[in-house]
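A.B. asks: Below, each chain spelled out in residue letters.
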Amino acid sequence: MTTEIIIQAMVTGLMMGLIYALIAAGLSLIFGLMEIVNFAHGEHLMLSMFSSFWLWSLFGLDPLFSIPITILLLAFCGIITHYFLIRYILKAKMLIQICATFGLSIFIRSIAQLLWTPDFRNVDKPLLEGRIEIGSVFIGQPQLYASLVCLLAFFGLYWFVTKTETGLALQATAQDRHAAEILGIPSNKMFAIGWAIGLGCVGVAGGMMANYFFIFTDVGINFALFAFVAVALGGFGSIIGCLYAGIIIGLVESLGGLLIDPSFKLLYVFAIYLLVVIYKPQGLFGRY
Amino acid sequence: MKILTVENLSKSFGGIHANRDISFDVEEGSILGVIGPNGAGKSTLFDLITGFTKADTGKVKFFDKDIFGISPDKISNLGVGRTFQKLKPFADQTLLENVMIGAFVKEKDIKRARDRALEIIDFVDLIEKRHHFAKELSTGQRKRLEMARAMAIDPKLLLMDEVTGGVDQKTIPGLVELVKKLKKTGVTIITIEHNINIIMEISDNVLALDQGKRIALGEPKEIQNNKQVIDAYLGTFDAA
Amino acid sequence: MDSKLAIAKSEPIWNTNVRVISIIAGLIILLFALPLFGMNSFYLHLFIMIFMHAVMAQSWNVIAGFSGQISLGHGAFFGIGAYATSFFYMEYGVTPWISIFFGMLVSAIFAVLIGIPMLRLSGHYFAIATLLIGISFQVVFQRWDLVGAASGLWVTMTPEDSWSALQFHSSKAPYYYVFLIFFLITFFLVWLLSRSKLGYRLRAVRDDPQAALSLCINVSNYKIIAYVISAIIMAPMGSLFAQYILIIDPDRVFNIEISIIVLLITVLGGIGNVWGPIIGAAILVPISEYSRIYLGGTGGAVDLIFYGLILMIICIFKPNGLISFVPKDILERKKQR
Chain A
251 MTTEIIIQAM VTGLMMGLIY ALIAAGLSLI FGLMEIVNFA HGEHLMLSMF SSFWLWSLFG
311 LDPLFSIPIT ILLLAFCGII THYFLIRYIL KAKMLIQICA TFGLSIFIRS IAQLLWTPDF
371 RNVDKPLLEG RIEIGSVFIG QPQLYASLVC LLAFFGLYWF VTKTETGLAL QATAQDRHAA
431 EILGIPSNKM FAIGWAIGLG CVGVAGGMMA NYFFIFTDVG INFALFAFVA VALGGFGSII
491 GCLYAGIIIG LVESLGGLLI DPSFKLLYVF AIYLLVVIYK PQGLFGRY
Chain E
468 MKILTVENLS KSFGGIHANR DISFDVEEGS ILGVIGPNGA GKSTLFDLIT GFTKADTGKV
528 KFFDKDIFGI SPDKISNLGV GRTFQKLKPF ADQTLLENVM IGAFVKEKDI KRARDRALEI
588 IDFVDLIEKR HHFAKELSTG QRKRLEMARA MAIDPKLLLM DEVTGGVDQK TIPGLVELVK
648 KLKKTGVTII TIEHNINIIM EISDNVLALD QGKRIALGEP KEIQNNKQVI DAYLGTFDAA
Chain B
854 MDSKLAIAKS EPIWNTNVRV ISIIAGLIIL LFALPLFGMN SFYLHLFIMI FMHAVMAQSW
914 NVIAGFSGQI SLGHGAFFGI GAYATSFFYM EYGVTPWISI FFGMLVSAIF AVLIGIPMLR
974 LSGHYFAIAT LLIGISFQVV FQRWDLVGAA SGLWVTMTPE DSWSALQFHS SKAPYYYVFL
1034 IFFLITFFLV WLLSRSKLGY RLRAVRDDPQ AALSLCINVS NYKIIAYVIS AIIMAPMGSL
1094 FAQYILIIDP DRVFNIEISI IVLLITVLGG IGNVWGPIIG AAILVPISEY SRIYLGGTGG
1154 AVDLIFYGLI LMIICIFKPN GLISFVPKDI LERKKQR
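Protein chains in written order, with this note's numbering: chain A, 251 to 538; chain E, 468 to 707; chain B, 854 to 1190.
Honestly, the hints are just simulated from the structure, not real lab data. Treat the hints with caution; some may be incorrect.
Selected chain A positions facing chain B (Cβ under 7 Å, derived; list incomplete) [unchecked claim]:
hint, residue
1, Phe309
2, Ile339
3, Cys349
4, Phe478
Bear in mind that the values here come from a model prediction, so they are computed numbers and not experimental data. Beta carbons are placed, not taken as given, at the ideal position from N, Cα and C, and that holds for glycine.
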């Protein structure tokens, strides 16, 4: 085991971690806003990857160029989700909220399986290809750009939530939706915006990953699990916490895979999750 | 006989002192009223005594038993009942079921637990509502539910957080009568109250808190004339 | 006043409605008699699946409906039961009648081990942790050579029908009775549980843990007790299922679909209600089995589409499940308003 291999694993983990961070940020934004965990988050990610794939396969649009369309599609998907499902269960018990989004996840995944079969697909010869070599460390170009774009989107999201008027209105709704309503911030609209942005993040991540990841109907499950873990580690509702948590998970996953056994990646992440939520239930980092 | 002895009890949340060096004791069979402006630390004091919040330092004795740092279920098992300021009924269950859950502490058999619960429900004058779900009851009725539920564990000491808070004027006299009736059964009561007239009427002793500190302890008459209390609490009360 | 109290005390504790009791008794007799009317093996299979799923859903109902902890990986205990029974049968020749209890014991031990750290977590944290648990079991068993890794265990077949080995090749009727009896026993015990002191206290923990603490209830202990009971109910279904299909592998018995369907059946029928799982299973299992027949290989996905849809619709319109259509006084709690 040489240092190069470890550095290689760390770079890979870091790049993966930035993607997890963005996916988790979307989840966390939605949770912070209305205390609902989107158990269909992984399926939304799967949809975004398929959107990229079909735009490429039907219209020859490279994933790099179809990203805006994918983001818009996912944002629209978020608004639909809110309008047809979430707004009815806002006041329901947590159990019902969990079951409802869990039901959505089953629904989306099985429809996708019916329409597109469980086959593995991938985008052939995307614009982003090949790898670069720094020292003895290889970095895949699509991976590198995906993580950079995700990082950029992450900071864009953070800027949006903390600096823009709409972002502040979202925060106000998150803290106290009734007080916010009195101030003239319609919470229903804010929730819809939250869903649009939350799934928009997933659109960015999915669109970029379509460049190099296999695309299949169950692809979202692991990502969603890691995103749940990241949100819990970062502190439910904290966006910046997701960044650190995402990176931690990426590193644990790749280093654990390298040092112990790659087939148990999920278990290492799970172990980290248990350790953190038991000893520091509020997460590693505070809210916002 | 002292039923409860509290010595130098302190608790701070992130540097803010919710309770600072609070000491007092309660005579068995009496009613202690706790007063103080909002944020004086009254509910925190209840949480510290009943174990719902862990105190930083101090001593709490129930009869001769040290109960500092013990978990809330064990403290209630010793005979310390409580109600909550923000009511916590078991909303999806009937009034009878709510009280039965308390009654099971004393009666293992379901029929006897049911009968015991019914007697207590009768005591708080809600017998006709026994099959109503807790979420269907009015605020005043839910206050009675909480009292009945706490009584069902057969407490020697009962801590009641704002018996008359949040109910309309018409309901208050009935609740006050209920507290007096409760006292006659021999149970010792500590009650948090905002309504100063009620506290003066029912209490044997009054503990006044301000900004987490004890500012006075004594009979209602003394408290009414205590300058510190008037400044801290009664003054603002009049102004409000 | 006294007379009202006396009236209240004279009310029966159980529902003693003779009509309801006789209907239930009649249904039980009918279930025992059904195979005698020459049911074909498809219908036997259908009923076996209904019994099995009703019990599995009841297991989930105990932890989620009674004590309020949402487990999304409950299939783990099904798999443990299946593996424990088959493993002891194949390796040591222990008759399934005894190794069923091994399965229950191992499940209970796992429930304690998992429950002690995890039930301190509340709400979403617990739900996510159980989701991870469910998948972890599948991952571990896929790679565990002792139990056949991904290819699983092929239960040694007896040459002919055998009660001691719990294998029947000529007819499904014996399986039908075995599952039926487990189903009846489970429901009777859970019904007793729901009316016992324990049942009342679990519902207290579910509705308001803080208030429960103020009533001498050790909330974390009660959650663990519920989790263990739930695991003990689930495990025998895994054991019997293994004897029924005689081949088990991680993708079959640790499938996340098991965790999904128990949740779905319970929520559809009525969560927190003893009868909910029966209603849910009686509706969903036939849908699933028929869609498997008529839609062939893709049936798996099609019935999942319905499941997802039904789950969302129930959550939106009937969060208390289909049982809420049944008038209250017919079922368990007799209300006199």
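A.B. asks: Could you run down the list of hints and mark each one as holding or not?
C.D. replies: So, going through the hints one by one against the coordinates:
Proximity of A:Phe309 to chain B is violated relative to the hint, the smallest CB-CB distance being about 27 Å (cut-off 7 Å). A cut of 7 Å between beta carbons decides the hint on A:Ile339: the least distance to chain B is about 6 Å, and the hint holds. For A:Cys349, the interface hint holds, the least distance from its beta-carbon to any beta-carbon of chain B being 5 Å, beneath 7 Å. Checking A:Phe478 against chain B by beta carbon gives a least distance of about 5 Å; that is within 7 Å, so the hint holds.
When the structure is compared with the earlier hints, a violation turns up for hint 1 alone.
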